[in-house]
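**Q** Chains as they are written, first to last, in my numbering: chain A, 5 to 257; chain B, 5 to 257.
These are calculated hints, taken from the structure and not from any lab test.
There could be a bad hint or two in this list.
It does not matter which identical chain is meant; a pair holds if it fits inside one copy or across any two.
As the list claims (entries may be wrong) - Straight-line Cα separation of at most 27 Å, BS3-like style, residue types lysine-lysine; simulated pairs:
1) K146 - K207
2) K150 - K207
3) K79 - K150
4) K150 - K7
5) K135 - K187
6) K101 - K80
7) K79 - K44
Number of protein chains: 2
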Amino acid sequence: MIKVVILGGGNVAFHLTNQLLKNTSVNLVQVYNRTIKNIKYLEKQISITNKLKELKDVDIYIISVSDNAIAPLSKKLDFKNKLVVHTSGSVNITEIKSISNKGVFYPLQTFSTAKNIHFSEIPICIEASTKKDLELLETLAKSISKKVYHINSNQRKSLHVAAVFVNNFVNHLYHIGNDICDKNNIPFEILQPLIKETSEKIKTLKPSVAQTGPAKRNDTTTIKDHLDILTKNQQEIYTLLTQSIIQTYGKKL
Amino acid sequence: MIKVVILGGGNVAFHLTNQLLKNTSVNLVQVYNRTIKNIKYLEKQISITNKLKELKDVDIYIISVSDNAIAPLSKKLDFKNKLVVHTSGSVNITEIKSISNKGVFYPLQTFSTAKNIHFSEIPICIEASTKKDLELLETLAKSISKKVYHINSNQRKSLHVAAVFVNNFVNHLYHIGNDICDKNNIPFEILQPLIKETSEKIKTLKPSVAQTGPAKRNDTTTIKDHLDILTKNQQEIYTLLTQSIIQTYGKKL
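Could you build all of it, start to finish, from the sequences and the hints given here?
**A** Below you can see the structure in the form of C-alpha cells.
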C-alpha cells in the first residue's frame with residue numbers, strides 16, 4: 005500500500021487529507037504543518053507534526069502549501085529515493101528543490117473549506133521525472149479520481165491560465181450580475197437557471213457554437229442601451245468583452 | 005382555457021410553440037411567421053399563416069421576433085381588447101404599438117434550436133399595463149413554469165444586462181479557455197468539472213464570497229507569469245478583469 009505524508013494545512017491540503025483518510029487503498033501516515041493548530045483537529049486520527057525532522061518514512065511526500073513556499077520547504081527535505089510532489093497549478097516541477105525524485109499532483113478544482121468536494125470527479129494532473137514515479141503517482145491518483153491526466157509543466161501553466169478564465173473571471177462576472185440585480189431590486193436567483201444552462205451547454209456544444217447575445221449579433225442598438233445603464237468599471241468590461249466577441253465571430257463594429 | 009397565437013419563427017418562438025403544443029391547459033390556436041417555410045413543420049398539428057389578416061381571434065398574441073421588428077409588427081395588429089405581448093428582455097413595453105392592451109412575457113433563458121429546454125425551470129418575467137392582464141399572463145406563465153416574476157420594463161433592462169454578463173460574456177470566457185487548451189494540446193474536458201463547480205457554488209455562496217484566484221490574492225508573480233503566455237487580446241481581458249477583482253476586494257496593485 006502506498007504510504008503518504010501531506011505537508012500543509014490550507015484548502016487543498018484539507019480536502020486531500022480528508023479524502024486520503026477515508027481511502028482504504030492508500031495509507032496516509034502523517035500530516036505536517038508549520039502551525040500545528042491548523043491541523044490539531046486531526047490528532048486523534050493520525051500523526052501530526054510541525055517539525056520536519058519528525059517526518060515519517062513514506063513513499064510520497066505531498067507538499068500542498070502556497071506557491072512561493074514550495075521551493076523553500078522542499079529544499080529542507082533531504083530524503084533520497086523518495087518522491088516529493090507539489091499540488092500547484094502554476095509552479096514548475098523544477099521548483100521542487102529537494103534531492104529526492106520530483107513530481108506534480110495537481111487536482112484541478114476550486115477548493116473552499118466551506119464546501120464539500122467529490123474528489124472522484126476532480127481531474128488530477130500528474131507529472132514526474134521518471135517513468136516509475138509517474139506510475140506510482142498514477143496509482144495514487146486513480147485511487148482518488150476517475151479522471152487522471154498526464155500534463156507537463158508547460159501545459160499545466162497554460163491549463164492554470166485557462167482555469168483562471170473559466171473559474172475566477174467567470175465568478176467575477178457572476179458577481180457583476182449579482183451587483184446589477186441588487187441595485188435594481190431583482191432577486192439574483194432569477195439568473196440561476198441561465199447560469200446553469202450556460203455551463204451545461206458546453207458539455208455538448210463547443211463554446212464558440214454556443215455563443216449568443218447582442219455582441220454575437222452585432223446588435224449595436226442593444227449594446228448602446230446596455231452601456232447607458234452601467235457603471236464606469238462595468239462599461240469597460242462590457243466594451244472589451246463585446247469587442248472581443250465581435251472580433252472572434254468576424255464582424256467589425 | 006386561454007387561447008394563444010404565437011407570431012415568430014426564431015429560437016424563442018420555436019421552443020415556446022413546442023411547449024404550448026403539449027400544454028393541456030393552454031390552447032395554442034395558430035402560429036404566424038412572415039416566412040412560411042420556417043413554420044411549415046407545424047402544419048399537420050396546428051393552423052399556420054404568413055398573412056396578418058388571417059390571424060385568429062384569441063386572448064393573447066405573443067410576438068416573438070427580433071427586437072427591432074416588435075414595433076413595426078405590433079403596429080399592424082389592430083385588435084381592441086386583446087392582449088399583445090412580446091418576449092424580449094431588452095425592449096420596453098411601450099414599444100408595442102398596437103391599439104390593444106400591452107404586456108411582456110420574457111422567458112429568461114438562452115435558447116438554441118439545437119438543444120432541448122425544460123421550460124418548467126425557466127424563470128418567466130411578466131409585465132402588463134392592467135391588473136387583469138397581469139393576472140391573465142400569470143396564469144399563462146404558471147402553466148409553463150414554476151418560476152414567475154413580476155418585473156417592470158426598467159428592471160427587465162437591467163436584468164437583461166446582468167444576463168449578458170453571466171451568460172454571453174461567461175460563454176466567451178469559456179471560449180478563451182477552450183482556445184488556450186487547444187493551442188497546448190490539452191483536452192478542454194479537463195476544465196468541465198471546474199466549470200460545473202464554479203456555477204454551482206453560487207447557489208449557496210454569494211459570488212463575492214466564492215471568489216478565489218491570483219487576482220483575489222493579489223498574487224502579482226502568478227499574474228505576471230500568466231500574462232507572459234497570453235495573446236494580446238487575452239492579455240487585455242486578463243488585465244481588466246484582474247484589476248476589477250483587485251478593486252472589488254480592496255487591494256491595490
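**Q** None of the hints should be skipped; say for each whether it holds.
**A** Hint by hint, here is what the structure shows:
no., hint, result
1, K146 - K207, "within (23 Å within a copy, 30 Å between copies)"
2, K150 - K207, "both (18 Å within a copy, 26 Å between copies)"
3, K79 - K150, "neither (32 Å within a copy, 59 Å between copies)"
4, K150 - K7, "within (20 Å within a copy, 52 Å between copies)"
5, K135 - K187, "between (56 Å within a copy, 26 Å between copies)"
6, K101 - K80, "within (8 Å within a copy, 77 Å between copies)"
7, K79 - K44, "within (25 Å within a copy, 72 Å between copies)"
The structure shown violates just one earlier hint, number 3.
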